[in-house]
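Engineer: The residues making up each chain are set out below.
Number of protein chains: 2
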Amino acid sequence: MKIRAVLFDAYGTLFDVHSVALAAEQLFPGQGAALSQLWREKQIEYTRLVTMSGQPEAHYRPFWELTRAALQHGADRLGLDLTPAAEERLMNEYRHLSLFPENREVLAELKARGIPAGILSNGDPEMLAVAVKSAGLAELLSPVLSVHPVRRYKTDPAAYALGPAALGLPAREILFVSSNAWDALGATWFGYSTLWVNRSGAPAERLGPAPHFTGRSLREVLACLGKPRTARAAVAFP
Amino acid sequence: MKIRAVLFDAYGTLFDVHSVALAAEQLFPGQGAALSQLWREKQIEYTRLVTMSGQPEAHYRPFWELTRAALQHGADRLGLDLTPAAEERLMNEYRHLSLFPENREVLAELKARGIPAGILSNGDPEMLAVAVKSAGLAELLSPVLSVHPVRRYKTDPAAYALGPAALGLPAREILFVSSNAWDALGATWFGYSTLWVNRSGAPAERLGPAPHFTGRSLREVLACLGKPRTARAAVAFP
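Here the protein sequences come in this chain order: H and E. Take the first sequence: its letters are residues 1 to 238, numbered as in full-length UniProt numbering. Take the second sequence: its letters are residues 1 to 238, numbered as in full-length UniProt numbering.
Read the hints as simulated data drawn from the structure, not as lab findings.
Here are some chain E residues the structure puts well away from chain H; computed CB gaps all over 12 Å:
hint, residue
1, Gly12
2, Leu99
3, Arg104
4, Glu105
5, Arg216
6, Glu220
7, Gly226
Take a look, some chain H residues computed to stay more than 12 Å from chain E by CB distance:
hint, residue
8, Ser19
9, Ala21
10, Glu93
11, Leu167
12, Arg172
Per label pair, the in silico range of CB-to-CB distance:
hint, chain 1, residue 1, chain 2, residue 2, range
13, H, Ala58, E, Leu225, 21 to 31 Å
14, E, Ser200, H, Gly114, 53 to 63 Å
15, E, Glu139, H, Ser200, 49 to 59 Å
16, E, Ala85, H, Arg77, 32 to 42 Å
17, H, Arg219, E, Glu87, 31 to 41 Å
18, E, Glu87, H, Ser200, 20 to 30 Å
19, H, Pro143, E, Ala85, 49 to 59 Å
20, E, Gly30, H, Ala33, 17 to 27 Å
21, E, Asp81, H, Arg77, 28 to 38 Å
22, H, Ile115, E, Glu41, 28 to 38 Å
23, H, Ala158, E, Glu87, 28 to 38 Å
24, H, Arg219, E, Glu173, 56 to 66 Å
25, E, Pro143, H, Arg199, 46 to 56 Å
26, H, Gly114, E, Asp81, 40 to 50 Å
Given the structure is predicted, the values throughout are model-derived calculations rather than measurements. Note that CB positions come from ideal geometry on N, CA and C, so glycine has one too.
When you get a sec, could you build the whole thing from the sequences and use the hints?
Structural biologist: As structure tokens, then:
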């Protein structure tokens, strides 16, 4: 069994959303961390609620809209005066995120090795296109897959199924890489080979199978390529 | 259009989980609020992940088990030494919760009016049976519906469908009552008439339709019974 392609989650995995928290702190001193945390949690919750509704065709909204709604709710929770200008400033942070420092060299190395490397993200196509272009990654990432066409967010299997369909490979021959433990779990259940990039040293989930690999940066991707999938403990984060 | 029956969410709506936070604070001074919040968030997340997996038959675990796993993860996050004794003490708080003070009179009034009043909960049948018995509500609540038979947690429509099936009524003639905004939203999407009991004065969701009614205590149930469902703003929380 060999890894023949790599798919990355986008937000938090390839793109560093920390700048969003910085901007939130500048706008709302002392509340930036709380706002960005509530914003992120509600953003994820909304993706799940529209997907679990049983009528995602009726209730689906693009990630950009859910992200905005989640920001508004976070501000409501904290009693912040989110002016239109502040809202636009924070939303625009999501459009132009920076890369984690090690990512470019990892992507370049994958390209040098001839291993297809793409994105599979909840982000809608326009968001992803702008983010990839802003970060100067257009040459290094293909395919860039959004869940938008299936109107179901991860961890719905219809979202994960986009990867094997686009790459023409079985899921187990694709390494799915995410910094979100829940995303790694969903991908593992779906059948991908999985790497959880646990940048913050968070505890492992207490539910389901462990990811096949765990590491602290995207560099771990290169280490995974030569390892058998069954060696789950080999690079596990202690 | 008339409300002919009422279904209540259990945890946080009928039963006050505050005692859980108190016990957590006694065990881990200064960390009780954080632990109980992480615990609750992870508990809900796990119900969603197993349901969204696309194979809930394979990945479903009873609510009791997910609750325990979520507690363990919360302790992991905070770096707490959750001994087996501490874990059992906290889990047992979930078995024997107190009622919110107004609830008994509301349930008694529904019984006096001949309006069926039951539970539709993520809790598994044993948890619910113990909670109802502990609170002395066995005479006042029927049916007590758990999502367990369908192995899908709210907000999956298969969970909400248990209510109309058990009561022999269309969803819109059933008032679904929850303190969880996401639960009220899921029930509204499903087709119930809905009351969000917003005890904490939380902001409304920025997603989907508002619940048909909003109030600050379970007493609002009685006010809803005589009101037309279309009068959404009539008892809305400002």
